[in-house]
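Undergrad: Residue-level listing of the chains:
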Amino acid sequence: MNLLQSLIDACSLGAVYALAALGIGLTFSIMRLINFAHGELIMIGGYTLYMSASQPYLVMGLAALLVVTILALGMERVAFRPLRRASPATLLIASFAVSFLLQHVAMMIFGARPVAIDFLSPLSQSLEIGPLRVPWLQLLALGVTLMLLAALSSFFRWTAIGVQMRAAAEDFTMARLVGIPANRVIAAAFAISGTLASIVSVYMVAQTGGASYKMGVNMVLFAFVASVIGGMGSLAGAALGGFLVGVVSVLLQTYLPEGMRLYRDAFLFALFIAFLLWRPQGLLVKASDRERV
Amino acid sequence: MAEPWAIERERKIRSCLLLAALIVLAAVLAALGPPALQRTVTEAIINLVVVLGMFIFVGNSGVLSFGHIAFMAVAGYSSAIMTIPPAKKAVLLKLPPSLEALQLPVGAAALIAAALTGLFALVVGAPIMRLKGIALPMATFGVLMVVHVVTANWQEVTGGRQALVGLPVYVNLWVALGAVLVTLAVAAAYKGSRRGLLLQCARENEVAATASGIDPARERLLAFVISAVFVGLGGVLFAHFIGTVTANTFYLNITFTTLAMLVVGGMRSLTGAVVGVAVVSTVSEIFRTIEKGVSIGDLTLSAPPGLQEIALALMMLLILIFRPQGLVGDFELDWPKWGRRKSAPAEPATTDQRVHGS
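For the protein sequence lines, the chains are C and E, in the order given. Residues 1 to 293 (the working numbering) make up the first sequence, in order. Residues 1001 to 1358 (the working numbering) make up the second sequence, in order.
Just to be clear, a hint being listed does not mean it is correct.
[Stated by the list, open to error] Anything over 12 Å on all C-beta distances counts as not near chain E; from chain C, calculated: (1) Leu4; (2) Leu58; (3) Leu66; (4) Ser124; (5) Trp136.
[To be verified] When the alpha-carbon atoms are kept at most 25 Å apart in a straight line, the in silico SDA-like pairs for lysine to any residue are as follows: (6) C:Lys214 with E:Thr1244; (7) E:Lys1094 with E:Asn1248; (8) C:Lys214 with E:Gln1308; (9) C:Lys214 with C:Leu262; (10) C:Lys214 with E:Asn1153.
No wet-lab data here; the hints were simulated from the structure. Predicted model, so just to flag it, every value in this text is computed and none were measured. Ideal Cβ placement from N, Cα and C applies to all residues, glycine included.
Given the sequences, and given the hints that come with them, work out the whole structure.
TA: Shown next, in the form of structure tokens:
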């Protein structure tokens, strides 16, 4: 029974990591950008919920979605478009800078201390099935993630822009040569990535009941690890990696001896390094990513 | 007429001496100024030790490292444990008796701490330096995370989330100056050495270098270890300059600042590292002053906290967009060439090589 409980916890945590990892994986697959500032999109979502507090929950959620998506598009336009030809490492540093910038702008406006937000509080109650206790919020997170994964995969399969995005992810130069508009494809990637970030922020605010200017940092670190494990650039890989990181961190939490639990994240990152040594390219690799000389 | 390589070597030595002279000049000028200025310049010089240390690896290998600040943490904590008076350690930490009783002279502690850091880098680096592309920076990032989580939670040895206080504060302007001159000399010597050149070959083209018999992983590991020793030295200086160590000091913020210093100046030359530290420190100091409040007549203007970081991030973005090779690029400082005929050998051809990771 204990195992089943852990499994449920692992899946719902993994679902959130998967959403964040997908957000990072999307922009990486198309423009080789590991977007560290994805965490700040989540953070802005949190503060949008704070600003719109006292509105109906639905309005708050939609406001976060709208603001974060627009911000993601703006971020691409202002910071990353001029760097489109830069190397992944340069892009990573640039996104580091954007992240630092947005964090401190938020700190200037909202202060360094976390703010409390009353959002979706009824969902923190648990559903009890026999000995199992499942918070509604976890169930919702899992449900929403599965729905989004289904929606995204049909989007990539059956819409024109979705197919173009897949083509661009496979081989950006080739895709441009056959007439796929680069700006539109990249903008679409950022818009979807922003939408995913806003959903993560909705979950985090509902879970913790607050927002702070650093709330996105930890989430993005784990998402980062997840997307690398899955195979940078592979969307299915990012989702898979997210679930894996969730499962491993819940397993560590459950089975590490009492005194070692504080070091859970150290174990997680050490495992991550070991994984990189074993399979540096990640679990799922695109044909175009194999190194050629 | 001397051989081209001799001229080239002379030029390298000259540029290193010129940089050293500039740093000494800055320190002497600061020593004449008010104490606040001295502290600022000392801090900048300590940062320069760290950035030059990072340069040894990043500049020569072209591989970004997000993990070097972990070496500051390892060395800073090691030195702290070796120098805090035993009575204080008994209160703050739960060390094994032999470590608790240990109190070394600060110099010896600094050397041992730096050496331990080198050993740590050797153990960690041996497997991960074999990685290529974006996986390598990611792995260094993992190292930072592991070290951070451990130092932030190892109550018995590091004091966990509480600051470790009571370190002897012996680092002043002159100690920092001495350390930076040594670091500069080693960085310059390594850059011009055979092993340094081998690593630069691997940076320019890993496949061709491998085909010429260079083992990029081995060269990277050597640079990684030397680099860790000096970043560790920077960590020791930092710890004994402010007198406390906390896990959060050696984490993302300082990773960002030091990377900014490296990128702003240009991460492929020593001059770039020095220029980067100078520019970033100056800008930070200006905005820190503005944050504290500037009085103009009766009026005191003060900006909200965070302005300094915002300015830094903006500057870094602008440089990345408009001067991706940094302010100085591949340039190394030399005598101005006015009026002299161009008899010196041309600048080494610079391929438009991007930082590793593509």
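Undergrad: Are the hints correct? Go through all of them and say.
TA: Hint by hint, here is what the structure shows:
1. Leu4: holds (29 Å)
2. Leu58: The assertion about C:Leu58 holds, with a minimum of 33 Å to chain E.
3. Leu66: holds (25 Å)
4. Ser124: At about 27 Å from chain E, C:Ser124 clears the 12 Å cut-off, so the statement holds.
5. Trp136: holds (31 Å)
6. C:Lys214 with E:Thr1244: Answer holds: C:Lys214 to E:Thr1244 is near 24 Å, not above 25 Å.
7. E:Lys1094 with E:Asn1248: Roughly 21 Å between the alpha carbons, so the hint for E:Lys1094 and E:Asn1248 holds.
8. C:Lys214 with E:Gln1308: Judged against 25 Å, a Cα distance of about 17 Å means the pair holds.
9. C:Lys214 with C:Leu262: Since the Cα atoms of C:Lys214 and C:Leu262 sit roughly 20 Å apart, the hinted pair holds (cutoff 25 Å).
10. C:Lys214 with E:Asn1153: holds (20 Å)
When each numbered hint is compared with the structure, no violation occurs for any of them.
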